[in-house]
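Q: Start from the sequences, fold in the hints, and give me the full structure.
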Amino acid sequence: KAGVTQTPRYLIKTRGQQVTLSCSPISGHRSVSWYQQTPGQGLQFLFEYFSETQRNKGNFPGRFSGRQFSNSRSEMNVSTLELGDSALYLCASSLHRENTGELFFGEGSRLTVL
Amino acid sequence: EDQVTQSPEALRLQEGESSSLNCSYTVSGLRGLFWYRQDPGKGPEFLFTLYSAGEEKEKERLKATLTKKESFLHITAPKPEDSATYLCAVLPVSGSARQLTFGSGTQLTVLP
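Chains as they are written, first to last, in this note's numbering: chain H, 1 to 114; chain C, 1 to 112.
Think of the hints as simulated: they come from the structure by calculation, not from any bench.
Just so you know, these numbers come straight off a predicted model, no measurement behind them.
Glycine included, C-beta positions come from ideal geometry on N, C-alpha and C.
Careful, some of the hints might be misleading.
Taking lysine-lysine pairs in the PhoX-like style, the calculated list, with each CA pair at most 25 Å apart, reads [to be verified]: (1) C:K69 - C:K59; (2) C:K42 - H:K57; (3) C:K63 - C:K79; (4) C:K42 - H:K13.
One-sided excerpt, in silico: chain C residues whose CB lies under 7 Å from chain H [stated by the list, open to error]: (5) F34; (6) R37; (7) S96.
A: The following block contains the structure:
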């Protein structure tokens, strides 16, 4: 069974640019969530999607957005990049069941903003 | 605000030297506490879920326990392949089941 696939794995952008990251969940998983991981703040929840709808959003500015497609694949977008957006962006998929924090993470997209 | 504090930040053990990692938490109603393992360059990998005080889970050389204020991850006779960062996360009663609050992790190094 294929795991969560994230593309691209590495990318370098400059301040003010925008970036789009892609995530393909495990087959059969309909819930996709995104996390940002930095050395200073650790793992922080960005947002969650289920059935093409954003179900929950973390405490991030509106420059961070996402969407989910009918095949459960998801994308996240960061506009007007800032140096502080440099991070590992992790996508996680899960079966949409309550009372479980069992997330299956991809290997992440490492974004460097210069 | 939910908070998770892990200690120590880093731990170096000799192969076979057992130890414990600590995860202290404050949460407005605990739905579950989770342990993940993260290898360099990889995403976190799920290990355990604990739901109530007194609960224990085991997997190979790892055993996770839970009290009302903290969780421990006991590592018995570790091997070099157990080297990784171990992350603890909590899920409050309110909110999405996917919105975990993570600690900063304990970086474990097991020397041969």
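Q: Under the criterion that the straight-line Cα-Cα distance not exceed 25 Å, is the pair K69 of chain C, K59 of chain C satisfied?
A: 22 Å, holds
Q: At a threshold of 7 Å, is the proposed contact between F34 of chain C and chain H supported by beta-carbon distances?
A: 5 Å, holds
Q: So if I understand the rule, the pair passes when the alpha-carbon distance is 25 Å or less; does K42 of chain C with K57 of chain H pass?
A: 24 Å, holds
Q: Closer than 7 Å between Cβ atoms is the bar; does R37 of chain C clear it against chain H? Give me holds or violated.
A: 11 Å, violated
Q: Are K63 of chain C and K79 of chain C close enough, with their CA atoms no more than 25 Å apart?
A: The given pair, whose Cα atoms are some 15 Å apart, holds under the 25 Å limit.
Q: Need the status of pair K42 of chain C, K13 of chain H: alpha-carbon distance at most 25 Å?
A: 22 Å, holds
Q: Is the interface hint satisfied for S96 of chain C? The criterion is a beta-carbon contact with chain H at less than 7 Å.
A: Holds: closest Cβ of chain H sits about 4 Å from S96 of chain C, inside 7 Å.
When held up to the earlier numbered hints, the structure conflicts with hint 6 and nothing else.
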